[in-house]
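Visitor: One letter stands for each residue in the lines below.
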Amino acid sequence: MRTQYGRLLAFLSSELRDVDDAEDALGEALVAALASWPNDGVPNEPAAWLLTVARHRLVDRARRARVRTEHADAVRRLVFESANSATAGEIFPDRRVELLFVCAHPAIDPALRAPLMLQTVLGVDAARIAQAFLVSPATMGQRLVRAKRKIREARIPFQVPPARELPQRLDAVLEAIYGAFGLGRDEAAGADADRRDLADEAIWLARVVRECMPHEPEVRGLLALLLFCDARREARTSPDGRYVPLSEQDPATWSAPIIGEAEAELAEASRFERIGRFQLEAAIQSVHVDRARSGRTDWAAIVVFYDRLVRVAPTFGARVAQAAAVAEASGPAAGLAMLDVLDATAVATYQPYWAVRAHLLRLLDRPSGAVAAYGRAIGLAEDPAVRRFLIDRCG
Amino acid sequence: MKYVMLIYETSADFEARKPPESEPYVAAWRAYYRALLEAGAYVGGGAPLEVPGTGTTIQLKDGRRQVQDGPFAETKDQLGGFMILNLASLEDALEWAARCPAAATGAVEVRPLDVAWHERIVSG
Chain F
5 MRTQYGRLLA FLSSELRDVD DAEDALGEAL VAALASWPND GVPNEPAAWL
55 LTVARHRLVD RARRARVRTE HADAVRRLVF ESANSATAGE IFPDRRVELL
105 FVCAHPAIDP ALRAPLMLQT VLGVDAARIA QAFLVSPATM GQRLVRAKRK
155 IREARIPFQV PPARELPQRL DAVLEAIYGA FGLGRDEAAG ADADRRDLAD
205 EAIWLARVVR ECMPHEPEVR GLLALLLFCD ARREARTSPD GRYVPLSEQD
255 PATWSAPIIG EAEAELAEAS RFERIGRFQL EAAIQSVHVD RARSGRTDWA
305 AIVVFYDRLV RVAPTFGARV AQAAAVAEAS GPAAGLAMLD VLDATAVATY
355 QPYWAVRAHL LRLLDRPSGA VAAYGRAIGL AEDPAVRRFL IDRCG
Chain S
829 MKYVMLIYET SADFEARKPP ESEPYVAAWR AYYRALLEAG AYVGGGAPLE
879 VPGTGTTIQL KDGRRQVQDG PFAETKDQLG GFMILNLASL EDALEWAARC
929 PAAATGAVEV RPLDVAWHER IVSG
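From first to last, the protein sequence lines stand for chains F and S. Counting in the numbering used here, the first sequence runs from 5 upward without gaps. Counting in the numbering used here, the second sequence runs from 829 upward without gaps.
Read the hints as simulated data drawn from the structure, not as lab findings. Quantities reported herein were computed from a predicted structural model and do not represent experimental measurements. We put the CB at the ideal spot given by N, CA and C, even for glycine. Among the hints, erroneous ones may be present.
Derived contacts from chain F toward chain S, CB cut-off under 7 Å, selection only [claimed, not checked]:
#1 Arg380
#2 Ile382
#3 Pro388
#4 Ile395
#5 Arg397
Sequences are here, hints too, so could you generate the full structure?
Guide: Right, dumping it as structure tokens:
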């Protein structure tokens, strides 16, 4: 049903070039379904039923002049098509990837791309999206309405971008999905059911893109990355609720089937020989989980991958993780030197920077610096289990 | 922009203030306070409150004092402290509120200060 909602909305939206009216019409169709299906039974072709009802709603609204006049032609066309096609067995095209590209269009505020995708392609409730993005439900609702108005007014096209734009546009889609997944992962497992679900939603979105664009290596790279992380989700928390960092996780607690799927996606991606940031991040995770087989972590390989990654995508996350990897491979002084070149004001409230810095200063036997850095890392932490872990480490 | 952060705590949180001083709760608060200072967000005028039972509430009804032992509202989570912060936006305020140790157990409210009203009162 979740898949059908996204497919239906994508199809209707692309016909109208408008998400707003399509959402309303589909919403009314769903209400009608809830009212009649319990009594009359679920139709043989539920999607076709919903589509027909949604189209009729659009016609009604057009008649009552409640649909914007620029849609009148599109609505007439829809009605003509539905009158002429057999609704039973009708297969309508999957326009979800076009809808994703609309949500990640340059004209849409980057902070809204993932929320839009979650709401339109997956039908996630705006209030739940708001929780994850640390915004009030009313504010998120307003922002989503404004974004959808922008889609209509800027006449954002419902199409896969042309080849010359595709790499950046696709990257915007993948980045939004990755951002949503990252929010889902910040919580200790089970501590917040909503956030955990957001990680699942992000994986679902990644699967949608992979289904629609299987020949894009970065798409498969992203899915591989999310699956590698997902495979270790349970390992992050001990039975008594304590945070367990990657280096201390027992590989037996990682999900082998999910890792298998991730490895398959990464292998498929590498066949295209077009490396990119998500394939590199996935490759790094692949080396980490290889510890299950080899009993050790190949830090030299990880350093090589980070070296390439920061050239392609020099985010603070990547650079701090690179410093940590360099420290493992070449000693804490080398790692600290890499942290030192990062802009102080930019990392002032970036919690992972301080956690890594504290760890390295402690290894270098610089206790006062370590204590100060641990203090920052603790003060900036949001997850109580991570806070507790750092407090214990700091001693 | 100036915000007040109102910190609502559970009775367990209030209990956690008691010695031994090495309690993780104390460590978490120290680190949080220091992080706020170092980020230039902490304005001052903040303080933790004594336990709710030490509160006394007064109202005037028909010109007579009505004094009640205890806090104004008997809710599960009680006001345990407040801070005045100076931050660029509500988003920043929410980021810091999420880091507050009480956010995980009780609740944290951020509210903008009505600076204009304050000015009217304290000037002239």
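Visitor: Hint by hint, which ones does this structure get wrong, listed from lowest number up?
Guide: 5
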